[in-house]
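K.L.:
Take a look at the letters that make up each chain.
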Amino acid sequence: MVSKFTLKAAFISLMLLLVFLGAWQLATQPRESTAVIGGDAEYAALMGKGEQKTGFPTPAMVGKSFVTYLSDPFYDKGPNDKGIGIQIAYSLGRVALGFLLATLIALPVGFVIGMSPLLYRAFDPFIQVLKPISPLAWMPLALYSLKDSDISGIFVIFICSIWPMLLNTAFGVASVRRDWINVARTLEVNPLRKAFLVILPAAAPTILTGMRISMGIAWLVIVAAEMLVGGTGIGYFVWNEWNNLALPNVIFAVVMIGVVGMFLDLFFGWLQKLVTYRE
Amino acid sequence: MALHDPFDANSSITTCNCGQHATQTQHDIAVGAGDVDALNSRVVQTAVMKALFPHDGERRKFLSAVGASTAWAAISSLVPFGALEAMAQEKGSLEKKDLKVGFIPITCASPLIMADPLGFYKKEGLNVSMVKTAGWALIRDKVLNKEYDASHMLAPMPIAISMGVGSNPSATSVMTIQNINGQAIVMANKHKSNRDPKNWKGFKFAIPFEFSIHNLLLRYYLAEHGINPDTDVQLRVVPPPEMVANLRAGNIDGFLGPDPVNQRAVYDELGFIHILSREIWDGHPCCSFAAPADFIKQNPNSFAALYRAILKAAAMARDPKSRPIMAEVLSPANYLNQPKAVLEQVLTGKFADGLGNVKNVPERVDYDPFPWYSMAYWILTQMKRWGYVKGEVKYKDIAEKVYLLTDAKKYMTEVGMTPPKESMKKFKVMGKEFDPAKADAYVNSFAIKKA
Chain Z
891 MVSKFTLKAA FISLMLLLVF LGAWQLATQP RESTAVIGGD AEYAALMGKG
941 EQKTGFPTPA MVGKSFVTYL SDPFYDKGPN DKGIGIQIAY SLGRVALGFL
991 LATLIALPVG FVIGMSPLLY RAFDPFIQVL KPISPLAWMP LALYSLKDSD
1041 ISGIFVIFIC SIWPMLLNTA FGVASVRRDW INVARTLEVN PLRKAFLVIL
1091 PAAAPTILTG MRISMGIAWL VIVAAEMLVG GTGIGYFVWN EWNNLALPNV
1141 IFAVVMIGVV GMFLDLFFGW LQKLVTYRE
Chain F
1043 MALHDPFDAN SSITTCNCGQ HATQTQHDIA VGAGDVDALN SRVVQTAVMK
1093 ALFPHDGERR KFLSAVGAST AWAAISSLVP FGALEAMAQE KGSLEKKDLK
1143 VGFIPITCAS PLIMADPLGF YKKEGLNVSM VKTAGWALIR DKVLNKEYDA
1193 SHMLAPMPIA ISMGVGSNPS ATSVMTIQNI NGQAIVMANK HKSNRDPKNW
1243 KGFKFAIPFE FSIHNLLLRY YLAEHGINPD TDVQLRVVPP PEMVANLRAG
1293 NIDGFLGPDP VNQRAVYDEL GFIHILSREI WDGHPCCSFA APADFIKQNP
1343 NSFAALYRAI LKAAAMARDP KSRPIMAEVL SPANYLNQPK AVLEQVLTGK
1393 FADGLGNVKN VPERVDYDPF PWYSMAYWIL TQMKRWGYVK GEVKYKDIAE
1443 KVYLLTDAKK YMTEVGMTPP KESMKKFKVM GKEFDPAKAD AYVNSFAIKK
1493 A
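Residue numbers (this note's numbering), protein chains in the order written: chain Z, 891 to 1169; chain F, 1043 to 1493.
No wet-lab data here; the hints were simulated from the structure.
Treat the hints with care, since some could be wrong.
Said to hold, decoys possible - Computed cross-link-like contacts, PhoX-like style, restricted to lysine-lysine with a CA-CA straight-line distance of at most 25 Å:
id	chain 1	residue 1	chain 2	residue 2
1	Z	Lys-1037	F	Lys-1142
2	Z	Lys-1037	F	Lys-1139
3	F	Lys-1467	F	Lys-1451
4	F	Lys-1438	Z	Lys-1037
5	F	Lys-1452	F	Lys-1438
6	F	Lys-1142	Z	Lys-967
7	Z	Lys-967	F	Lys-1432
8	Z	Lys-1037	F	Lys-1164
9	F	Lys-1432	F	Lys-1474
10	Z	Lys-1021	Z	Lys-1037
11	F	Lys-1103	Z	Lys-954
Sequences and hints are given; from them, build the entire structure.
P.N.:
The structure is reproduced here in structure tokens:
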């Protein structure tokens, strides 16, 4: 049953959206086109008079590009013009690959340094230095050394999404309640069993928080990376439309990026709930 | 007639003629093919029309707008239908059929792009995928990484890459020049009354790349007016699409950029065309079609096939009659992704200059593919002048290694073009003669240069 509270919140959300759209419409009201400087009819025609082109697009124009792209999301008109569905699929594919690689490394390494305070200390300076590096700063290095733009894109996702996972795993593992570990010790549980049956479930919520943050970062990074390397993906789509200064399409893509990012986050939120337990 | 007329505005070429059969083939079987010769030529025509207009609606619109006979004349000048079979050449077996070619979405790339929808690559047995690329630095990296087999490049880029200036040295060759002229200096509207470059001290200009003819021409132009481009103004490398946005934001005062960006700035009422680049050097090379030397060595037959396709496309693009159709074909998102109205002004040379005048300059852009050694010489003199290369420059060695003039002559003859007999020519840049035989003296003759 939907509670009254949820309904109220939804109502306010809707109002906010309407106010936003209204303000947007008012701000971008098409003005009478500026007088052509000493223009005759021929000049005016060459300048494209009578066509809406300059200025920020109105909500209606953006709505139109939503309809155009969403009504045919999987078209393929050659290597440089594909439907939005295909582009998002490419981006998600890259994110999935980079994220998977990061997970494969971050979880075991995080586990090990979480269990050993000595290693934690030893690794810490490297992690602290590497963590804040912007994905775009990695790009030229990756392109130069990996010699492949697609792999470079995946590498950049990998290198940027590994840190939150690594740190959260280490932190989660390190802060498992001592009582439980002591109980395991009294029962003489072997180390492997201890790791999988005691520490992992206890640290799982923290680890998933790390993964959730990482996924958010991966999705942020992919758009930037694809704008740089081009070819396919939602980032490339933004770049291609920007190339044509087609702002309605850029806004459409921006909203799509937001929506996909939200779903990714919701998915990890759901996973997190699955592994959280109440004491 | 078994096939419907592709030049009939009212018929559809995506389904069958009479509407009773799902496909044309079924229809043909059902009615029985008529005159075989006529059918064959229809098949060729239909294929070309389909390639030019993937959407049937556009073909119909185009035909009803210009009339079938005009369209027929225009398109048969593009594609010699009758000679299609005759053009089949004896080819060695292709070492590599699937090629990746990079391009930057500007009108300079027209020939190499047009070769795709016109089927010139296919006719040579090549399966070329054209990849739109985000900037010149990325083109360089992707060619060096062997992701692209060949690519659209700025004319000075292969020279710089081969010499290892701005990258690791890697032998790269210019197969053809893509276009000559076709660039412009665009200034922000606020400078409408300030047209004298002498007053431009402190201005900020955008150029597409360090090793671009744009950079060299702008430097030359400013220096001729007494402005030292290294100390008196700021030159920023800005990707072409962002030139317009930067002009709008007021970050730059002007730019020497490629078309259609120049015309786009005018179309969006942000700037005006101060001069066309042909007013600096008429016939200057801009972009080139380049391939790494390794690719040429390893795939001589594919290289020859690619060469022929590009040259045929250049011959097509030179013809003023094909320009309006080119604007139509290049406009969609897969290629340049620019308004047709803008492309048409660039390609036909009838354009609004942003100052209220309609100008008619049919030579605004041309597609002469011939890679003169003298062009490479001039580029080298300017690279030396502005300190990109230091010490003694071996003009002859570099030009002959990078600009594949002998191959160009050979393949131009093969596809029925007449290449010039010479390999060097003197020309004038802003009234000052350049004699390639006295390149070093030319460099020293300038008062403004990098010390």
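K.L.:
A separate judgement is required for each hint: does it hold in the structure or not?
P.N.:
We went through each hint and held it up to the structure:
Our distance criterion of 25 Å between C-alpha atoms is met by Lys-1037(Z) and Lys-1142(F), whose separation comes to about 15 Å. Of the pairs offered as hints, the one joining Lys-1037(Z) and Lys-1139(F) holds, with about 22 Å between alpha carbons and a cut-off of 25 Å not exceeded. For the proposed pair Lys-1467(F) and Lys-1451(F), the alpha carbon gap of about 15 Å is at most 25 Å, so the pair holds. For the proposed pair Lys-1438(F) and Lys-1037(Z), the alpha carbon gap of about 32 Å is over 25 Å, so the pair is violated.
Note on Lys-1452(F) and Lys-1438(F): the hinted pairing holds, with a Cα-Cα distance of about 20 Å set against a maximum of 25 Å. Restraint check for Lys-1142(F) and Lys-967(Z): satisfied, since their Cα atoms lie roughly 17 Å apart, inside the 25 Å limit. With a CA separation close to 47 Å, the supplied pair Lys-967(Z) and Lys-1432(F) exceeds the 25 Å bound. Between Lys-1037(Z) and Lys-1164(F), the direct Cα distance comes to roughly 29 Å. Violation of the 25 Å bound is thereby established for this hinted pair.
For the proposed pair Lys-1432(F) and Lys-1474(F), the alpha carbon gap of about 24 Å is at most 25 Å, so the pair holds. Note on Lys-1021(Z) and Lys-1037(Z): the hinted pairing holds, with a Cα-Cα distance of about 24 Å set against a maximum of 25 Å. Restraint check: the Cα-Cα separation between Lys-1103(F) and Lys-954(Z) comes to about 22 Å, which is no more than 25 Å; the hinted pair holds.
In summary, the numbered hints that this structure violates are 4, 7 and 8.
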